[in-house]
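Participant: Chain order of the listed sequences is L and S. Taking the working numbering, the leading residue of the first sequence gets 1, the next gets one more, and so forth. Taking the working numbering, the leading residue of the second sequence gets 1, the next gets one more, and so forth.
One thing to keep in mind: the hints can contain errors.
Put simply, identical chains are the same to the list, so a pair is met inside one copy or across any two.
Computed cross-link-like contacts, PhoX-like style, restricted to lysine-lysine with a CA-CA straight-line distance of at most 25 Å [as the list claims (entries may be wrong)]: (1) K118 - K100; (2) K36 - K122; (3) K135 - K121; (4) K122 - K105; (5) K135 - K27; (6) K135 - K36; (7) K86 - K100; (8) K100 - K122; (9) K121 - K100.
Hints in this document: simulated from the structure, not taken from any laboratory.
2 protein chains.
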Amino acid sequence: MDYFQDYLPGTTCFGCGSHNEHGLQIKSYWDGEIAKCIWQPQPYHEGWAQLTCGGVIATIVDCHCIGAAMATACRNEHRALDSEPKYLFATGSINIRFLKPASVKESLELHARVINIKNEKKYTLNCDVLVNQEKVADAQVIALLVYRSDRPEEAAPGFRP
Amino acid sequence: MDYFQDYLPGTTCFGCGSHNEHGLQIKSYWDGEIAKCIWQPQPYHEGWAQLTCGGVIATIVDCHCIGAAMATACRNEHRALDSEPKYLFATGSINIRFLKPASVKESLELHARVINIKNEKKYTLNCDVLVNQEKVADAQVIALLVYRSDRPEEAAPGFRP
Numbered sequence: 001m002d003y004f005q006d007y008l009p010g011t012t013c014f015g016c017g018s019h020n021e022h023g024l025q026i027k028s029y030w031d032g033e034i035a036k037c038i039w040q041p042q043p044y045h046e047g048w049a050q051l052t053c054g055g056v057i058a059t060i061v062d063c064h065c066i067g068a069a070m071a072t073a074c075r076n077e078h079r080a081l082d083s084e085p086k087y088l089f090a091t092g093s094i095n096i097r098f099l100k101p102a103s104v105k106e107s108l109e110l111h112a113r114v115i116n117i118k119n120e121k122k123y124t125l126n127c128d129v130l131v132n133q134e135k136v137a138d139a140q141v142i143a144l145l146v147y148r149s150d151r152p153e154e155a156a157p158g159f160r161p
Numbered sequence: 001m002d003y004f005q006d007y008l009p010g011t012t013c014f015g016c017g018s019h020n021e022h023g024l025q026i027k028s029y030w031d032g033e034i035a036k037c038i039w040q041p042q043p044y045h046e047g048w049a050q051l052t053c054g055g056v057i058a059t060i061v062d063c064h065c066i067g068a069a070m071a072t073a074c075r076n077e078h079r080a081l082d083s084e085p086k087y088l089f090a091t092g093s094i095n096i097r098f099l100k101p102a103s104v105k106e107s108l109e110l111h112a113r114v115i116n117i118k119n120e121k122k123y124t125l126n127c128d129v130l131v132n133q134e135k136v137a138d139a140q141v142i143a144l145l146v147y148r149s150d151r152p153e154e155a156a157p158g159f160r161p
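Pulled out of the complex, with its shape left as it was, chain L reads as follows (with noise of 0.2 Å):
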C-alpha cells in the first residue's frame, strides 16, 4: 500500500510520524476519490473510561488531512506522491464535533477529502471519523501550504522540512 506518510518530508511527527515511536503512526491511503485512514487506538489512549480520548481523535484528524492535502495537490498536478517539488502542509483550524463516544477498543476509519482550495494555498477538508460504519465525529480542517521545495524563499516563517 502506498501510504502518504511515507512521502511526506518529516517523519518525526508525533500523529503521523512513521518513526515517532512514542507516536500516533496513522497511515492514510487513496480509496478512489476518499482519503482513508484506519487507526487502532490502545489502551492508554482513552480519555474518560472506555472511550477514545477526543484529543486523539482530533491529532489523528489533523494529521490525516494534512497528509489528504497533500497527496490532493500532488494527484491535482497528475504526478506521483515521490515526485518534486515537495509540499509542507501545516494546520491553520481544527473545528471538530463529538457526535457519540468511541470505545477505545474499537478501530476508529477516516474518510477525508478536499473541498476547496483558495489561492493555492488554502486548502479545506471535511473528514468523517467512523466506527463500525457509524459516524461518532466530524471535522472540517484548514491545511495551509507553508513550505514547497522549489521556492524555499516563500517559505511560511518558522516551518521548513
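Since the structure of chain L is provided, determine the placement of chain S on it from the hints.
Facilitator: What follows is chain S alone, placed relative to chain L:
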C-alpha cells in the same frame, strides 16, 4: 497547588490522567478568574521539525477546558472540588485556530474561561494558548455535562466514571 485533575472522576485520560504514564498529564488550576495550565512538550511531541504538533495542542486545550468546566461548576455552586456531587464533562466540539508555530522547546500556557452555560449542561469555553506571552493558538470548546453522581440515571449513553 490544587489541580483540577486531582478531582476528576478518572485518572487514566491520555491528555490529563495523572496515572497515565503514556499521557500528557496536564495540570490545571485557578489564577483568579482564569483557569490556567502550563505544559512543557517533550521532543517527541513535535509535528514538523522543532514545532509542537497541532494535534497535541488541541489535546491539551480539550482536556484543560474539560477540567475548567468541572471547576467552574463547583465554583458556581460555592463548593470545593472534592465535594459531592461529582460532575463528568465530555467534549462536544473543539474549534481551534493555529496562529503561529510554537517551538517544541517552549512551554505552552493555557488560559481558559467559561463564557456561557446553557440549560445547566452545555458549557462554552474560550481558551488562548500562549508561548512567552504571545498567542499562538485560540480555541472555543463546548463541554457537555454527561454524568453527575447524584443523578446517575440521567447519564448520557456510554459515559460513566
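Participant: If a hint holds in the structure, say so; if it doesn't, say that too.
Facilitator: Evaluation of the provided hints:
no.	hint	result
1	K118 - K100	between (32 Å within a copy, 20 Å between copies)
2	K36 - K122	within (21 Å within a copy, 32 Å between copies)
3	K135 - K121	between (29 Å within a copy, 23 Å between copies)
4	K122 - K105	neither (35 Å within a copy, 28 Å between copies)
5	K135 - K27	within (20 Å within a copy, 32 Å between copies)
6	K135 - K36	within (14 Å within a copy, 33 Å between copies)
7	K86 - K100	between (37 Å within a copy, 22 Å between copies)
8	K100 - K122	between (30 Å within a copy, 16 Å between copies)
9	K121 - K100	between (33 Å within a copy, 16 Å between copies)
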